[in-house]
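Engineer: Turn these sequences into a full structure, and let the hints steer you where they fit.
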Amino acid sequence: MADKEENEDKKKSGGGLLPIINLVLLVLVLAVGGFVAWKMMSMEQPPETPKTAVVQQTDDTTIPEADNESDAAPVSIDIDNLTINLADTDRDRYLRVKITLELRSEEAKTKVSENMVKIKDLLISSISGKKFSDIRTPQGKYELKMDLIYRINRLVGGKPVKNLYFADFVSQ
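Taking this note's numbering, the leading residue of the sequence shown gets 128, the next gets one more, and so forth.
In silico EDC-like cross-links for lysine to aspartate or glutamate, where the CA-CA straight-line distance does not exceed 16 Å:
| no. | residue 1 | residue 2 |
| --- | --- | --- |
| 1 | K257 | D274 |
| 2 | K258 | D274 |
| 3 | K286 | E233 |
| 4 | K272 | D295 |
| 5 | K238 | D205 |
| 6 | K289 | D274 |
| 7 | K272 | E229 |
| 8 | K272 | D261 |
| 9 | K247 | D205 |
| 10 | K225 | D248 |
| 11 | K225 | D295 |
| 12 | K289 | E229 |
| 13 | K257 | E270 |
| 14 | K286 | D274 |
| 15 | K258 | D215 |
| 16 | K268 | D295 |
| 17 | K257 | D219 |
| 18 | K236 | D205 |
| 19 | K258 | D219 |
| 20 | K247 | D274 |
| 21 | K225 | D207 |
| 22 | K257 | D217 |
| 23 | K245 | D205 |
| 24 | K289 | E234 |
| 25 | K257 | D215 |
| 26 | K286 | E234 |
Worth flagging that the hints you see were computed from the coordinates, not collected in a lab.
Structural biologist: Below is the structure:
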């Protein structure tokens, strides 16, 4: 009788192996299926051909400031050293910057010179809103440069500023 009870206990405990094997196989099938689905989704799709017609460049569609290069050499103008407090709250940080603007022509230099006070105010306002972490990397400096070019061109009107160079850039 004792042998029959032991055999029944072994039969009950031995049946637990099959569900574990089924579970492992199920997880394996799901993992392989997920991997295949991920690979299919991440495959590059061939670029679609544009269905819009290309606009031909004529005198009506050309922006005067966007001409490739004029015969005149670019003109540059220096903006004095500016010392600007940065927007960091954890400690006092400042930026000393000297900027050189590359302009498209003498006419653009006249426009910029007439608006120099507004441009300096714009520079101080724009840069003082930045944090040190925003401008310390090369990418941050590039983004600041592009933002300043956009804002100065918008302030002056047209696109007189061709490029902006940091002649001095010291932050502490």
